[in-house]
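Chains U and R are the protein sequences, given in the same order. Just so you know, our numbering puts 261 at position 113 of the first sequence, and the rest follows in order with no gaps. Just so you know, our numbering puts 1003 at position 59 of the second sequence, and the rest follows in order with no gaps.
Keep in mind the hints are simulated off the structure, nothing from the lab. Cβ atoms here follow ideal geometry from the backbone N, Cα and C, with glycine treated the same way. No false leads were mixed into what you were given.
30 angstroms max Cα-Cα, derived DSSO-like pairs, lysine-lysine:
{"#": "1", "chain 1": "R", "residue 1": "985", "chain 2": "U", "residue 2": "248"}
{"#": "2", "chain 1": "R", "residue 1": "964", "chain 2": "U", "residue 2": "186"}
{"#": "3", "chain 1": "U", "residue 1": "248", "chain 2": "R", "residue 2": "1008"}
{"#": "4", "chain 1": "R", "residue 1": "964", "chain 2": "U", "residue 2": "248"}
{"#": "5", "chain 1": "R", "residue 1": "985", "chain 2": "U", "residue 2": "164"}
{"#": "6", "chain 1": "U", "residue 1": "248", "chain 2": "R", "residue 2": "1010"}
{"#": "7", "chain 1": "R", "residue 1": "985", "chain 2": "U", "residue 2": "151"}
{"#": "8", "chain 1": "R", "residue 1": "999", "chain 2": "U", "residue 2": "248"}
Far from chain R, by Cβ distances over 10 angstroms, these chain U residues were calculated:
{"#": "9", "residue": "162"}
{"#": "10", "residue": "203"}
{"#": "11", "residue": "207"}
{"#": "12", "residue": "210"}
{"#": "13", "residue": "212"}
{"#": "14", "residue": "216"}
{"#": "15", "residue": "227"}
{"#": "16", "residue": "228"}
{"#": "17", "residue": "229"}
{"#": "18", "residue": "231"}
{"#": "19", "residue": "232"}
{"#": "20", "residue": "236"}
{"#": "21", "residue": "260"}
{"#": "22", "residue": "261"}
Partner residues aside, some chain R positions facing chain U, computed with beta carbon under 7 angstroms:
{"#": "23", "residue": "988"}
{"#": "24", "residue": "1051"}
{"#": "25", "residue": "1053"}
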Amino acid sequence: AQKVTQAQTEISVVEKEDVTLDCVYETRDTTYYLFWYKQPPSGELVFLIRRNSFDEQNEISGRYSWNFQKSTSSFNFTITASQVVDSAVYFCALIGTASKLTFGTGTRLQVTL
Amino acid sequence: GAVVSQHPSWVICKSGTSVKIECRSLDFQATTMFWYRQFPKQSLMLMATSNEGSKATYEQGVEKDKFLINHASLTLSTLTVTSAHPEDSSFYICSASTGVGANVLTFGAGSRLTVL
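With the rest of the complex left out, here is chain U:
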């Protein structure tokens, strides 16, 4: 069985602050993929990143960065200099050999002025 845990239910920050969203996963598969999705109030899921289990390189894309550590089974997501438009629910997800995408419970990020 696989499981994704996002311990932070809600986070509130002031614009321009940095914020890190935590994600811890469990899987018995040796090959798997990790994802982050953004769900704005409109409801659609916006794909942010995919990382396979053999690539532990951290990644930076603009204000977004991801820290993948297999040793702690974590795949954390940091937003630098947050903006109001970053307000959304963020989901971490995992897919393994069973090809079923398992979502975490999500972290609601509120960025205020």
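Put chain R on the given structure of chain U with help from the hints.
Leaving out everything else, chain R in the frame of chain U:
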């Protein structure tokens, strides 16, 4: 990039009626489509996996007679909520995969169902 269109985006129906939601892959062929359900302020829960030309595989606890899934072509999967009741009110999202090894799912924009 790959686009998945979901229709309708929102629907209101009376209790006891059936509602059909369509999920189309617009610019690619999707051998597998997935249907998720999301209650307010909760996560997405996989309901079923739909493979073109074969019966859908339902997750434990999902009533297959209640949620009929048809994947008749490589670009279309439909979810029919039969005899809908207020507790079926939810946000339904589909996603499509291009096949084995792709491991990248494209999601539709979701369909919000309200049963009165």
